[in-house]
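A.B. asks: This is what each chain is made of:
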Amino acid sequence: MSWLTGLGLAELTLLCVVGALVFAATALVVLIVAIPPQRREGAGATATAYMTVLGSLFAILTGFLISSEYSTLRQAQNHVGVEVAGASQLAYASASLPPVDTALVQAALVRYLNAVETSEWSMLEHNPAGRSRAADELSSLSQLVFSYGPRPYAPSVTTDAMQSSLAAITESRRQRLVIATQQLPMPLFVLSVVAGLALIIGALIVALRSGPRYGLVALGIILVVGFDLSAILGISSPFAGPFITSVQPIHQLAQEISSGGYLSWLVGK
Amino acid sequence: MAGGEVRGVVALLIVLLCGVLAACGGSTPTAASAGCAPADRDCVEVGIGEPIYLGAFLALDYASGLDVLASVRLGLDYLDGAFDQNAGQLLGHDVALIVEKDECSAISGRIGANRMLIEPGLLAVIGPTCSGSAFGSADRVFAEHNVLVVSPSNTAPGLTNPETHQRTYFRTAFNDAIQSSVVADFIFTRQQITSAVTVSKADDAYSGQLAEMFSRSFNALGGAVEQSFSLGPEDARSGVARTLAKDPPGAIFVSLQTPDCGEVVSAIRATPALAATTIVVAESCQTEDFVKLLGTRANGIYASGPDFSSVEKNLFYRDWYLPAYRQLTGNEPEGVFGPSGFDATALLLDAIRRTAVVHPGGVLTFSRTQLRRAMLDVRGYAGLSGVLSCLPTGDCNEGARIAIYRAPQWPIIKGDKAQPVFSQFKTLAQVGLTN
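In order, the protein sequence lines correspond to chains Z and B. In this text, residue positions in the first sequence follow the working numbering: the first is 1, and each later residue adds one. In this text, residue positions in the second sequence follow the working numbering: the first is 270, and each later residue adds one.
Bound-form chain Z, shown alone (with noise of 0.2 Å):
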C-alpha cells in the first residue's frame, strides 16, 4: 500500500481515473450483454432508486477518509509548529548564556534541524520505523543542553527553560514519528472502493436505460470516483505522496539560527 501512496500526484490521478475509467468500460460491456434493451426500463428505474443511497454512501465514505487524514496531516502539521516552536525558544533561551555556549547550543541545534529536514523527512517517506541522524544529533544537542544545568555559571532559568524547549521538541518529533507510522484504515478505505464501483455501475445502468445523452452524467460520476479515490489515497501518508507536511518551518529555522539571528551580538539580525 505504501508504493500507491508514495506516488505522485499526477501518478495517482491518473491511476485512479483510468482503473475506474476501465472498470466502468468492462461493466458496460458486461451490462450491455446482460440487460437485455427490453428490461433495461426497469433495471434504469431500480438503478435510479439505488443511485441516492449509493453516492450517499460513497461521499460520506470518502468524505469521512478524506477529512480524518487531512486532519492527520494537519496533526502532524501542528506538531512541526510545536517542534518549531520549542527549537526557536531553546535558541532564545541560549541567548542567556555566555556567548561561546550559546553559539555552541546554536549550533547544535541547526545540526538537529538540518538533519531532520535532510535525513529525517526521506526516511519518514520511506520507512518511517527506522532511524535518521537526525536522532543522533538530538541525543547530542540533550547531551549539551543538559550538561549546562549543574554547571555554576549558568542561571538555573536559563537551563530550565532550556531543558522544558528540548522536551517540547523531544515530545512533538515523538509524535511526529508516531503519525508516519500509522496507515490508511484499510476496511473503510475498501469500503468506498465498493461503494464508488457500484455507483459506477449505477449510473451506467442509468445511462443505458436513457441513451447516450446521459452517458455525459455517468462519465462525471466514474471521473470524480476516480478523483475522489486518488485523493484518499494521496492524502493518506503525512510523510509521502503528493500531500505531505511541509519541513519550510524546519529549513527557515535552521536558516535564521545559522546565520545568526538569534544571537544577542549581531546588528541588523
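Hints were generated in silico from the structure; no laboratory data involved. Small disclaimer: the values here were computed from a predicted structure and weren't measured. Glycine included, each C-beta is placed from N, C-alpha and C at the ideal position. Be careful, since some hints might not be right.
As the list claims (entries may be wrong) - A few chain Z residues that don't get close to chain B, going by computed Cβ distances all over 12 Å: (1) D101; (2) L104; (3) A135; (4) S172.
To be verified - If the Cβ cut is set under 10 Å, some of the chain B residues that face chain Z in the computed set are: (5) L360; (6) G361; (7) D363; (8) V364; (9) I367; (10) R566; (11) N583; (12) L584; (13) F585; (14) W589; (15) F611; (16) A615; (17) R622; (18) A643; (19) R648; (20) A651.
Given the structure of chain Z, go ahead and fit chain B onto it with the hints provided.
C.D. replies: Same frame as chain Z, but now just chain B:
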C-alpha cells in the same frame, strides 16, 4: 429519466467534487544555498575529511604569547561544550591550528605571515602577539591575501587608525589610546605631577605609539612631557638614567618590553637623584623577568594594565575557564591577554559558523569577504575580556578598564589578590577616537 432524477445526479456530482476539492493543498520543501565559486580567490573550500585551518601567530618566548596560545587551545577544546582536553569539531570538521612564532619585529611579522600563508586553506589567524610585528607588516601581508586576522594582544593605536588600518585586521585587545590616557590621568590628576618623560623603543610600533599617545594625553591635561627617549638597539640602557639625573622629572613613563624595560628601570632605580621620581611602566613590563631582575627595588613602581577585577567577577572565567587553564598548563595565567585570546577564538569560530556554506556530504565553502563582514556584525558580545563590538577600523574592544598597580601589588606577583591604586574605564570615544 425524469428531470428530477437528472438534477439529483448533478447534485450528487457536486457533492463528490467537493470531496475532491477538500483534499487539495500541501506544499513541498525548498532548499537553496549559494556558495562562492571554487575558482574564486576569495573562496576557501574545506573538503570531506579535511580540517579547517586556523593560524596562531604568537610570541612563544613571552608570557603573553603562551597565555594566548593556551586560551586559543581552550577555545578549540570547548568546541564540544566541555574543557576535556579533546578538541571538538567545527561544522563536522577538525580544526588544525598552525602555530607560528612571533619574534616581535616588523621583519619577523612579514616572514611569519608569509610562512603561514603557505597553507592556502588558512582561513583566519589569531595574533600576532606584538604590535611591532603586526603594524605595517603582518597585517599588510594578510590583508593582501584577504586573510582575517584577530589579535588578542596588539594595543598600538596605529593598527586601527583609519589611515593605517588594514581591512582584514581586527583586535580584541584594548587600544593603547585608552591605556595612555588613563596613565596620564593617574600621573597628572591623581599624583598631581606636571612634568614627565617617556622612554620607548625606536622602530617599535607598540612602544613608540604608546609613548606618543601618552604625551598627547598628558599635554592635553595641562602637563608637560619634557623629553621623549627613543632607544635604538645600540643605545646604552643606563643612558636614560644618567641624562635624567641632571634634571629629574616628576614622572617617567616607560613603554618598553622585556628585557629592555627591566634594564632601563633598574638603572633608574640605581640612580639616587631619581629616587623620588614616579615610575610608571606599561603592561608589557609586567613580567616575571622584570620582577626577578629588580627584586625588592621594584617596590613602589607603578604598572598599568587591564583591570582584572571585572574579568575575575565573570563566573564563566572564574569557575570554568581558569580551572581548565590550570589543568592545561599546570600554571596560573602569567599574561594579561588570555581572556582576549579566548574571545578572539570564540569570535572567529562564531564568524566561521555563520558564513559557512555547507554542501551535501559536508564540504564547506567560505567567502573571505563574508567572513570579514561577519566580524563587522558583532555588537555587544559579552566576552571574557569585556563587551566587544567590532568597528570598521578593527577595534573590537570599544572600551577598557585600565588599572594602575603599585609593586609589589602587581597581578604578576599577587595574582587575583593584587589591588590597583587607580582604575578607570574609558571608551575610544572618550579618548578622542570616534572611529
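A.B. asks: Run every hint past the structure and note whether it holds.
C.D. replies: Against the structure, the hints come out as follows:
1. D101: 7 Å, violated
2. L104: Violated, since 5 Å does not exceed 12 Å.
3. A135: 17 Å, holds
4. S172: Non-interface label stands for S172 (chain Z): nearest chain B Cβ at 18 Å, farther than 12 Å.
5. L360: Holds, because the Cβ-Cβ distance from L360 (chain B) to chain Z comes to roughly 8 Å (cut-off 10 Å).
6. G361: This interface hint holds because 8 Å falls under the 10 Å limit.
7. D363: Check failed: Cβ of D363 (chain B) comes no nearer than 15 Å to chain Z, outside 10 Å.
8. V364: 13 Å, violated
9. I367: 22 Å, violated
10. R566: Violated, about 41 Å.
11. N583: 8 Å, holds
12. L584: 4 Å, holds
13. F585: Where the cut-off is 10 Å and the nearest Cβ of chain Z is about 4 Å from F585 (chain B), the hint holds.
14. W589: At 6 Å from the nearest chain Z Cβ, W589 (chain B) passes the 10 Å test, so the hint holds.
15. F611: 8 Å, holds
16. A615: Hint holds; A615 (chain B) Cβ to chain Z Cβ min 5 Å, cut 10 Å.
17. R622: Hint holds; R622 (chain B) Cβ to chain Z Cβ min 6 Å, cut 10 Å.
18. A643: This interface hint holds because 8 Å falls under the 10 Å limit.
19. R648: At 5 Å from the nearest chain Z Cβ, R648 (chain B) passes the 10 Å test, so the hint holds.
20. A651: Since the shortest Cβ distance to chain Z is 6 Å, the answer is holds.
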